[in-house]
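Take the sequences, apply the hints, and build the full model.
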Amino acid sequence: MKQKLTSPVQIILLLDLTAMGLTGQLYPGKPKIIRCRSLEKETFSCWWKPGSDGGLPTNYTLFYSKDSEEKIYECPDYRTSGPNSCYFDKNHTNRWTTYNITVMATNEIGSNSSDPQYVDVTSIVQPDAPVNLSLETKTSASIIHLWAKWSPPPLADVSSNSHVYHYDLRLKPEEKEEWEKISVGVQTQYKVIRLQAGVKYVVQVRCKLDLGEWSEWSSERCIQIPRESLPEKPTIIKCRSPEKETFTCWWKPGSDGGHPTNYTLLYSKEGEEQVYECPDYRTAGPNSCYFDKKHTSFWTIYNITVRATNEMGSSVSDPHYVDVTYIVEPDPPVNVTLELKKPINRKPYLVLTWSPPPLADVRSGWLTLEYELRLKPEEGEEWETIFVGQQTQYKMFSLNPGKKYIVQIHCKPDHHGSWSEWSPEKYIQIPADFRVKDMVVWIVVGVLSSLVCLIMSWTMVLKGYRMIAFILPPVPGPKIKGIDTHLLETGKPEELLSALGCHGFPPTSDCEELLIEYLEVEDSEDQQLMPSHDNGHPSKNAKMIPKETDSDSGRGSCDSPSLLSEKCRASCALPSTLQTQDIRDAQENKGGKRSWETQCIASEQTILLSNNESTKSSTWPAAQLPNDQPPVFAYHSTADAHRIILSTTNVNIAPVLVGNEEKHQSQYPITETVHDDMEKQREMENLHSKRDQTAVQVKQNRPNDKSPFLNPKLMDYVEVHKVRQDEEPAVLLKHKKNSGKTEKYTIPGTSKEYTKVSTVVDHNILVLMPDSRIQHTSVSQEPAMETSQNLQQGQAEKNMSYCLTVPSECKRETSGSEYVDPSSFMPSFK
Amino acid sequence: CHTSGMPTPNGKEYAQKIPREELTHLILKLLQAWKEPLSHFNQHIEHHQELPDDSLSKAKQISSMVHELKTGVEKVTEKARFSINSLNGMASSEAAGLSISNEANMMSDSDFIHCFRRDSNKVQSYLKILKCRIMPENSC
Numbered sequence: 005m006k007q008k009l010t011s012p013v014q015i016i017l018l019l020d021l022t023a024m025g026l027t028g029q030l031y032p033g034k035p036k037i038i039r040c041r042s043l044e045k046e047t048f049s050c051w052w053k054p055g056s057d058g059g060l061p062t063n064y065t066l067f068y069s070k071d072s073e074e075k076i077y078e079c080p081d082y083r084t085s086g087p088n089s090c091y092f093d094k095n096h097t098n099r100w101t102t103y104n105i106t107v108m109a110t111n112e113i114g115s116n117s118s119d120p121q122y123v124d125v126t127s128i129v130q131p132d133a134p135v136n137l138s139l140e141t142k143t144s145a146s147i148i149h150l151w152a153k154w155s156p157p158p159l160a161d162v163s164s165n166s167h168v169y170h171y172d173l174r175l176k177p178e179e180k181e182e183w184e185k186i187s188v189g190v191q192t193q194y195k196v197i198r199l200q201a202g203v204k205y206v207v208q209v210r211c212k213l214d215l216g217e218w219s220e221w222s223s224e225r226c227i228q229i230p231r232e233s234l235p236e237k238p239t240i241i242k243c244r245s246p247e248k249e250t251f252t253c254w255w256k257p258g259s260d261g262g263h264p265t266n267y268t269l270l271y272s273k274e275g276e277e278q279v280y281e282c283p284d285y286r287t288a289g290p291n292s293c294y295f296d297k298k299h300t301s302f303w304t305i306y307n308i309t310v311r312a313t314n315e316m317g318s319s320v321s322d323p324h325y326v327d328v329t330y331i332v333e334p335d336p337p338v339n340v341t342l343e344l345k346k347p348i349n350r351k352p353y354l355v356l357t358w359s360p361p362p363l364a365d366v367r368s369g370w371l372t373l374e375y376e377l378r379l380k381p382e383e384g385e386e387w388e389t390i391f392v393g394q395q396t397q398y399k400m401f402s403l404n405p406g407k408k409y410i411v412q413i414h415c416k417p418d419h420h421g422s423w424s425e426w427s428p429e430k431y432i433q434i435p436a437d438f439r440v441k442d443m444v445v446w447i448v449v450g451v452l453s454s455l456v457c458l459i460m461s462w463t464m465v466l467k468g469y470r471m472i473a474f475i476l477p478p479v480p481g482p483k484i485k486g487i488d489t490h491l492l493e494t495g496k497p498e499e500l501l502s503a504l505g506c507h508g509f510p511p512t513s514d515c516e517e518l519l520i521e522y523l524e525v526e527d528s529e530d531q532q533l534m535p536s537h538d539n540g541h542p543s544k545n546a547k548m549i550p551k552e553t554d555s556d557s558g559r560g561s562c563d564s565p566s567l568l569s570e571k572c573r574a575s576c577a578l579p580s581t582l583q584t585q586d587i588r589d590a591q592e593n594k595g596g597k598r599s600w601e602t603q604c605i606a607s608e609q610t611i612l613l614s615n616n617e618s619t620k621s622s623t624w625p626a627a628q629l630p631n632d633q634p635p636v637f638a639y640h641s642t643a644d645a646h647r648i649i650l651s652t653t654n655v656n657i658a659p660v661l662v663g664n665e666e667k668h669q670s671q672y673p674i675t676e677t678v679h680d681d682m683e684k685q686r687e688m689e690n691l692h693s694k695r696d697q698t699a700v701q702v703k704q705n706r707p708n709d710k711s712p713f714l715n716p717k718l719m720d721y722v723e724v725h726k727v728r729q730d731e732e733p734a735v736l737l738k739h740k741k742n743s744g745k746t747e748k749y750t751i752p753g754t755s756k757e758y759t760k761v762s763t764v765v766d767h768n769i770l771v772l773m774p775d776s777r778i779q780h781t782s783v784s785q786e787p788a789m790e791t792s793q794n795l796q797q798g799q800a801e802k803n804m805s806y807c808l809t810v811p812s813e814c815k816r817e818t819s820g821s822e823y824v825d826p827s828s829f830m831p832s833f834k
Numbered sequence: 007c008h009t010s011g012m013p014t015p016n017g018k019e020y021a022q023k024i025p026r027e028e029l030t031h032l033i034l035k036l037l038q039a040w041k042e043p044l045s046h047f048n049q050h051i052e053h054h055q056e057l058p059d060d061s062l063s064k065a066k067q068i069s070s071m072v073h074e075l076k077t078g079v080e081k082v083t084e085k086a087r088f089s090i091n092s093l094n095g096m097a098s099s100e101a102a103g104l105s106i107s108n109e110a111n112m113m114s115d116s117d118f119i120h121c122f123r124r125d126s127n128k129v130q131s132y133l134k135i136l137k138c139r140i141m142p143e144n145s146c
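From first to last, the protein sequence lines stand for chains A and B.
Under the numbering used here, residues 5 to 834 are what the first sequence spells out, in order.
Under the numbering used here, residues 7 to 146 are what the second sequence spells out, in order.
Read the hints as simulated data drawn from the structure, not as lab findings.
There's no promise every hint is true.
Unchecked claim - If you want the ones that stay clear, here's a sample from chain B, every Cβ over 10 Å from chain A, calculated:
{"#": "1", "residue": "P13"}
{"#": "2", "residue": "Q38"}
{"#": "3", "residue": "K41"}
{"#": "4", "residue": "H50"}
{"#": "5", "residue": "M71"}
{"#": "6", "residue": "E74"}
{"#": "7", "residue": "V82"}
{"#": "8", "residue": "D115"}
What the hints assert, rightly or not - Restricting the straight-line Cα-Cα distance to at most 20 Å, the calculated cross-link-like pairs of lysine to aspartate or glutamate (DMTMM-like) are:
{"#": "9", "chain 1": "B", "residue 1": "K23", "chain 2": "A", "residue 2": "D296"}
{"#": "10", "chain 1": "B", "residue 1": "K134", "chain 2": "A", "residue 2": "D418"}
{"#": "11", "chain 1": "B", "residue 1": "K134", "chain 2": "A", "residue 2": "E374"}
{"#": "12", "chain 1": "A", "residue 1": "K380", "chain 2": "A", "residue 2": "E429"}
{"#": "13", "chain 1": "A", "residue 1": "K298", "chain 2": "B", "residue 2": "E19"}
{"#": "14", "chain 1": "A", "residue 1": "K297", "chain 2": "B", "residue 2": "E19"}
{"#": "15", "chain 1": "A", "residue 1": "K204", "chain 2": "A", "residue 2": "E224"}
{"#": "16", "chain 1": "A", "residue 1": "K94", "chain 2": "A", "residue 2": "E46"}
{"#": "17", "chain 1": "B", "residue 1": "K137", "chain 2": "A", "residue 2": "E374"}
{"#": "18", "chain 1": "B", "residue 1": "K85", "chain 2": "B", "residue 2": "E143"}
{"#": "19", "chain 1": "A", "residue 1": "K297", "chain 2": "A", "residue 2": "E281"}
{"#": "20", "chain 1": "A", "residue 1": "K408", "chain 2": "A", "residue 2": "E388"}
{"#": "21", "chain 1": "A", "residue 1": "K297", "chain 2": "A", "residue 2": "E333"}
{"#": "22", "chain 1": "A", "residue 1": "K430", "chain 2": "A", "residue 2": "E343"}
{"#": "23", "chain 1": "B", "residue 1": "K137", "chain 2": "A", "residue 2": "D418"}
{"#": "24", "chain 1": "B", "residue 1": "K23", "chain 2": "A", "residue 2": "D365"}
{"#": "25", "chain 1": "A", "residue 1": "K273", "chain 2": "B", "residue 2": "D117"}
{"#": "26", "chain 1": "B", "residue 1": "K137", "chain 2": "A", "residue 2": "D365"}
Cβ coordinates follow ideal geometry from the N, Cα and C atoms, glycine included.
Have a look at this one:
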């Protein structure tokens, strides 16, 4: 029963032991807040140092409260600032509050909290140290400076840049211990003076914000101050003479070795031992030496050196040998002027003039300069260089008007030496009036020529035809006597042939032979007879027919102003009749006659059948009157304005119609005239009474003409009634009634008929003669009528070679009868 | 240079001060002094293989030019009727010239050319001054 007693004790002991064991891993130790720090017053961190952890994992938590508030917050960020830290970011940081911070260590057994820490943000501010510290030594005026530069500490939160740091700098020679502290201020650089040459220095910087603590010192930087030494050797740059009377030398100094350095220039002349010093260091500027006229000698070589001296010593430059003659470099030319010259009859040009530089003595010939100029258009890239020589002017011809140019000039001595600088840019503006003048001329020329063209075109338009005709006169067709081209065209062989046959020749004396009886011819001023014998034809023809009529035919033998039917014309009887009978015969035989005949027949009355084709018969000019043509009197024999009026009856025999004005009427008159009724015949008998007027009146069918005579029905043959051969020869025509045409023709031969006109006497008398050859009958008919009308009767009618009648008539009558060709009477009719 | 012994004006002012006759005389002396050395030099370089032909012909050309120049200046002297003293001076300088030319023969080629260049420049400058003094209207 004892055993029962020990177990509780054991249990208790066990428990105690356990408890003791546990407390071996006891409460965590009390943590301790080491420090709290703010970098920039907007955030801060606190670090603590943990106490013993009692052997068990311990959690640390930081609790803080603000000011006197009761509320307790926990640390917002344990990580940012590292282990055992708490980072308060901007949102949790308030400058104006005092934080009461405690850290609690907690483990399984228990917890333990640190002593509270009161943190005022503004008082715990301490920035980081500055960074990027750099050192540099500079020597100026023999004084060595040390330049220190750095950058402010970087911030995690870059947004807040408005912080102003104050900096401190400290330096010391490497071997020394004492720092020399310098308060820099807010700059991030500093110049340190009073340095010892040849010493190595160590430099550090630190910073702080307005209220707060200084940062740590930045890392060290070292620098070696250079030791003072001899000055470096200077070098002579160049020596120049601007006018070949003085010269200057320049040199370049080396480093001065830390001490102020003096420079001296020394020279000696060729062949002399003496060394001189530069007479003038100032005139030409620093580091230069100016030799005036007295000290300049030519054709001698100078030996020039420069010496640099400082406290440590001196050094001498290399010698420089110079002969002044060869180092001439003049100044640029001056007074560059432009002048525009405008000579007459030539293109204007530009004259560029300049003067030599003022110092150069060109007048005495001591220095001779050569010039060169260059120019380019304002926008151009390349210069055009022109060597001018020794003259001081230049003429420029080839510049583009209206453009702007830049020009520069420079010069050099004519022997040795170097080119001067270019003169200042000179702008040339080429006046554009060069071009303007040309333009004006061209414009004027253009306007004038266009005007001329306009005028010409107008005239062409208005008078085109005439102009063309004027310029290119119409080619006249062939004028062959007796050939009517129109007839040719129509191509009726009969007519053609008849036309050919009808071709009349100028009247020959044949006509004269025909004179048998006298024919009284009346001359009247009536109208329009074709005048002009010779040339009359053409004109007549022309007038008569639009187509050309064969003038010749008109003039030809049978100019009888017969009624011109085309037929008649075509037949051209009259003219032809004058010719040999054969021709006539031929004519008669020709178809033309037939046609003629037909026509006649067709229109009984119409002696002259309007031959539609008449127009073709150009042979009979008279016959074919154009419509509106005045009566063209075919036969040339009639003098101008003479009308031969064949008066069968009266003096005024119906005018022979010359030309057929498309009207048969034209024929009528003729015929009528020819075949008048008896009255007329009688009249004719009385004709002689009116002999004074002898004219064969050829009238076209004008109503106002003596158309009264016209009577188509009066196609009648007139027979010579009687011929008087007395002093007043006259042919008296007897009216004859014809029933048929044919009859007419048969008649002939029975009686002695005067069908031939032998001569014309006294200008007004036709002398007819008998012709026994009158056989042609067929022909005689109409033509006979017509032809004979005026001049002949009966046969004679037909045979009225008096071509006054319609030519066709003539033709018809050609049956052997010979017709008087009025042309033969031409002279007399004048 | 062998002609260094000659007293020649070293500057513009000096050249303008001395009378024209003397200047002319000086020019002639100089030209005379180079006559002999030039011909000797020509002979000398003819044996030089490495010189291009241009140089040889050029040297000969220069010799003749110097001679012509001298002739020309003499003509000018006559025309300008400078005093006879100059002619006399010429005679004496002839003798001096011979000795000088002997000296010239001993110069090195580069020195020779250098001296010749200088003296020809001298002659040119003197002539130009002379020209502008005698006839100032021509581009002076």
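Hint check:
The beta carbon of P13(B) is kept farther than 10 Å from every beta carbon of chain A, the shortest such distance being approximately 12 Å. No beta-carbon of chain A is positioned within 10 Å of the beta-carbon of Q38(B); the least distance is around 18 Å. Non-interface status of K41(B) relative to chain A is upheld: no Cβ of that chain comes within 10 Å, the nearest being about 20 Å off. Non-interface status of H50(B) relative to chain A is upheld: no Cβ of that chain comes within 10 Å, the nearest being about 25 Å off.
With a least beta-carbon separation of about 15 Å from chain A, M71(B) lies farther than 10 Å from that chain, consistent with its non-interface assignment. The beta carbon of E74(B) is kept farther than 10 Å from every beta carbon of chain A, the shortest such distance being approximately 19 Å. Separation of V82(B) from chain A is adequate, the least Cβ-Cβ distance of about 15 Å exceeding the 10 Å criterion. Every CB of chain A lies more than 10 Å from the CB of D115(B), the least distance being 18 Å, so the non-interface label holds.
A distance of roughly 19 Å separates the Cα atoms of K23(B) and D296(A); the hinted pair therefore holds under the 20 Å criterion. In summary, the hint linking K134(B) to D418(A) is supported, as the alpha carbons are separated by about 12 Å, within the 20 Å threshold. Taken as a hint, the K134(B) and E374(A) pair is honoured in the structure, with Cα atoms around 15 Å apart against an allowance of 20 Å. For a cut-off of 20 Å, the pair hint linking K380(A) to E429(A) stands: about 11 Å separates their Cα positions.
Only pairs whose Cα atoms come within 20 Å are accepted, and K298(A) paired with E19(B) is accepted, the gap being roughly 10 Å. A distance of roughly 9 Å separates the Cα atoms of K297(A) and E19(B); the hinted pair therefore holds under the 20 Å criterion. Taking the CA atoms of K204(A) and E224(A), the gap is about 12 Å. The hint holds against a cut of 20 Å. The hinted pair formed by K94(A) and E46(A) meets the criterion: a straight-line CA distance of about 5 Å does not exceed 20 Å.
Distance restraint check for K137(B) and E374(A): the Cα-Cα separation of roughly 18 Å lies within the 20 Å cut-off, and the hinted pair is therefore satisfied. Among the hinted pairs, K85(B) with E143(B) is consistent with the structure: their alpha-carbon atoms are about 18 Å apart, no more than 20 Å. A hinted pair counts as satisfied when its Cα atoms are at most 20 Å apart, and K297(A) with E281(A) qualifies at roughly 15 Å. Taken as a hint, the K408(A) and E388(A) pair is honoured in the structure, with Cα atoms around 14 Å apart against an allowance of 20 Å.
For the hint linking K297(A) to E333(A), the alpha-carbon distance of about 16 Å falls within 20 Å, and the restraint holds. With a C-alpha separation of about 13 Å, the suggested pair K430(A) and E343(A) falls inside the 20 Å cut-off, and the hint holds. A hinted pair counts as satisfied when its Cα atoms are at most 20 Å apart, and K137(B) with D418(A) qualifies at roughly 16 Å. Annotation: proposed proximity of K23(B) to D365(A) holds, straight-line Cα distance about 16 Å (limit 20 Å).
Proximity of K273(A) to D117(B) is assessed by CA-CA distance (about 17 Å); at most 20 Å being required, the pair is judged to hold. The hinted pair formed by K137(B) and D365(A) meets the criterion: a straight-line CA distance of about 14 Å does not exceed 20 Å.
Violated hints for the displayed structure: none, as all numbered hints are satisfied.
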